[in-house]
Amino acid sequence: MIDFSVILAGFGGQGILSAGKMAAEAALYEGKEVSWFPSYGPEMRGGTANCSVVISDEPIGSPVVNDADVVICLNQPSMEKFEKQLKPGGLLIIDSSLIKIQPTRDDIKFVAMNASDIASELGAMTYAPISMIGCMAEATGCIKRESFEKSLYEILPERRHHMIPNNLAAWDKGAEFAV
Amino acid sequence: MAQKRVLMKGNEVIAEAAIRAGCRNYFGYPITPQTEVMHYMAKKMVQIGGNFVQAESELAAINMVYGCAAAGFRVMTSSSSPGISLKQEGISYIAGAELPAVVVNIVRGGPGLGGILPAQGDYFQATKGGGHGDYRNIVIAPASVQELYELTVEAFNLADKYRNLVMIMGDGTLGQMMEPVAFRDEEPIAAVEKPWAACGRCKTADGSVRPHNTVTSIYIDPDTLEAKNRELQEKYKIIEENEPRWDEVNVEDAEVIITAFSTCSRISRNVIRQAAEMGIKVGMVRPITLWPFPSKAIAKVAEQSSVKAFLDVELNAGQMIEDVRLAVNGTKPVYFHGRMGGNLPTQKEILDKIVRIHNGEKVEGGIV
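Chains A and B supply the protein sequences, listed in that same order.
Anchor point for the first sequence: position 100 equals 100 in my numbering, and the numbering is continuous, going up by one each time.
Anchor point for the second sequence: position 100 equals 100 in my numbering, and the numbering is continuous, going up by one each time.
Hint data in this document are derived by calculation from the structure and do not stem from the laboratory.
Treat the hints with caution; some may be incorrect.
Unchecked claim - No more than 25 Å apart at the CA atoms, straight line, and that leaves these computed lysine to any residue pairs for SDA-like:
(1) B:K296 with B:T346
(2) B:K4 with A:E30
(3) B:K43 with A:L156
(4) B:K4 with A:K87
(5) A:K81 with B:R5
(6) A:K150 with B:I238
(7) B:K161 with B:I238
(8) A:K87 with B:M278
(9) A:K81 with A:P59
(10) B:K4 with A:S18
(11) B:K43 with B:R5
(12) B:K4 with A:S56
(13) A:K84 with B:K43
(14) B:K362 with B:E252
(15) A:K84 with B:N270
(16) B:K4 with B:I31
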């Protein structure tokens, strides 16, 4: 795998940057090369937030992603902006709980999943992007569920370990939507 | 021994590297996109018994650096472009007083307050002076989080070795991105005697009491000042001889050579791979030290008969290209591709230009 890239985008506060970081940590756990690059404008809760994650078996060239393998969108403005930055044949995953439009491109794969509803059932909205990462991983094989789980135990302080089962549940729910 | 790789933000790694290099003194003032350097220092210095001061301004911070370095301690400050402009008076004084200090510039778009996104518009400022007088900073441009670590440690060693200011020049991308970094168990810290330090009547190793030292940059007598300047120039000559660092990628047989530093070199690595798939041999010379500039390395590559042209890629209107052109010395054309304002060039933009150059088209070195 060379320079597999994903863009995660949505509102600040949805856990986008953290979810991207958790995906990167899982890939690092597998011994892969990774990079994580956030948008860092004057963002705040309710503003836009996005990050790019690159996973590779070789040293990563650019951490800046212009044509992604996967785009994960948790709000409509992000979808309008980042759908264009998907490679032909790439995978677009959207949170259908929040986005009511359809993609304009027909040369991409498309998954609409009710990520925010899944997250809401699990008790925190920040599980939404995690479920979408689960979907991405299942569809592309970019990271393994086992490395995601093991890396969580490594990076999270013990007082947060009680959240790991819910993260895994979110992942599994998302994986069911994989195409 | 290298430790297990951990995922860290570039800015945090700079701070961690400084601490590992024995820096126990940090003075700064917050500004995006480098504030995490301060955050990390604020948290860590308290834990390890170091000194952290959020100064009232950038001017105050750089003069605290002056004082601390004059007393013989390893010291660092960090900022981003507008803040670095404010520090220039202090930087010139540090050059005049020959003090070892490390200054980090995580560059953002200018001029003026500009924006907060990545840029490389401070190349001239960093390498050609910035403050007043005939002086040089050693300027290091890391291109990855791992390099931010290794080269920040090295910056402290170089500063002590030459009694010179060393600037780490990154950009918003490098400061904000996370990548794995493997720390060493022990840092290669060169122990340097500082008999010139103004530390009062401190005791020396043999137990005798040292006379008072004076650290200054004022020499009113013109002959004394000229002699001081000659001394500085001699030192700079030695640094130019010994310290240029660069990286070469696929230079052998290359038809087009990219010159790029830091973030632009990362994007260019992908371009090199894409070009190879199209059958175009592209190589790269990546300056790691922007001053001393690796002119000889570039001149040598320019001599290769395979090389048709150079393409210099920067996040500015064309600054390092002047040094590249001086090094190439008219033997090959040097073209330019740059973006400004916080925008980054896409791989496609660079590749398109390379294809045109490869086809022998005349490519104007303008801005996109």
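Next item on the list: Compare the distance between the alpha carbons of K84 of chain A and K43 of chain B with 25 Å, and conclude whether the hinted pair is satisfied.
Entry: Roughly 41 Å separates the two Cα atoms, so the pair is violated.
Check: Going straight from one Cα to the other, do K81 of chain A and R5 of chain B come out at no more than 25 Å?
Finding: violated, 34 Å
Item checked: Hint consistency between K4 of chain B and S18 of chain A [alpha-carbon to alpha-carbon, up to 25 Å] -> holds, 22 Å
Notebook entry, point to check: Within 25 Å, alpha carbon to alpha carbon, are K161 of chain B and I238 of chain B?
Noted result: Between K161 of chain B and I238 of chain B the Cα gap is close to 11 Å, so the pair holds against 25 Å.
Notebook entry, point to check: Are the Cα positions of K43 of chain B and L156 of chain A separated by 25 Å at most?
Noted result: holds, 19 Å
Checklist line | Pair hint outcome, K87 of chain A versus M278 of chain B [Cα-Cα no greater than 25 Å] | finding: The hint holds at about 18 Å.
Checklist line | Given pair status - S56 of chain A, K4 of chain B, alpha carbons within 25 Å | finding: holds, 18 Å
Next item on the list: Quickly compare the C-alpha distance for K81 of chain A and P59 of chain A to 25 Å and report which way the hint goes.
Entry: violated, 28 Å
Next item on the list: Could you grab the alpha-carbon distance between K43 of chain B and R5 of chain B and see if it respects the 25 Å cut-off?
Entry: Since the Cα atoms of K43 of chain B and R5 of chain B sit roughly 22 Å apart, the hinted pair holds (cutoff 25 Å).
Margin query: Check whether the Cα positions of K296 of chain B and T346 of chain B lie no farther apart than 25 Å.
Written below: It is violated: about 29 Å lies between the C-alpha atoms, which goes past 25 Å.
Checklist line | Proposed proximity, K87 of chain A with K4 of chain B (alpha carbon, max 25 Å) | finding: Between K4 of chain B and K87 of chain A the Cα gap is close to 34 Å, so the pair fails against 25 Å, i.e. violated.
Check: Is K4 of chain B within 25 Å of E30 of chain A, Cα to Cα?
Finding: holds, 13 Å
Comparing the model with each earlier hint shows violations of hints 1, 4, 5, 6, 9, 13 and 16; every other hint is respected.
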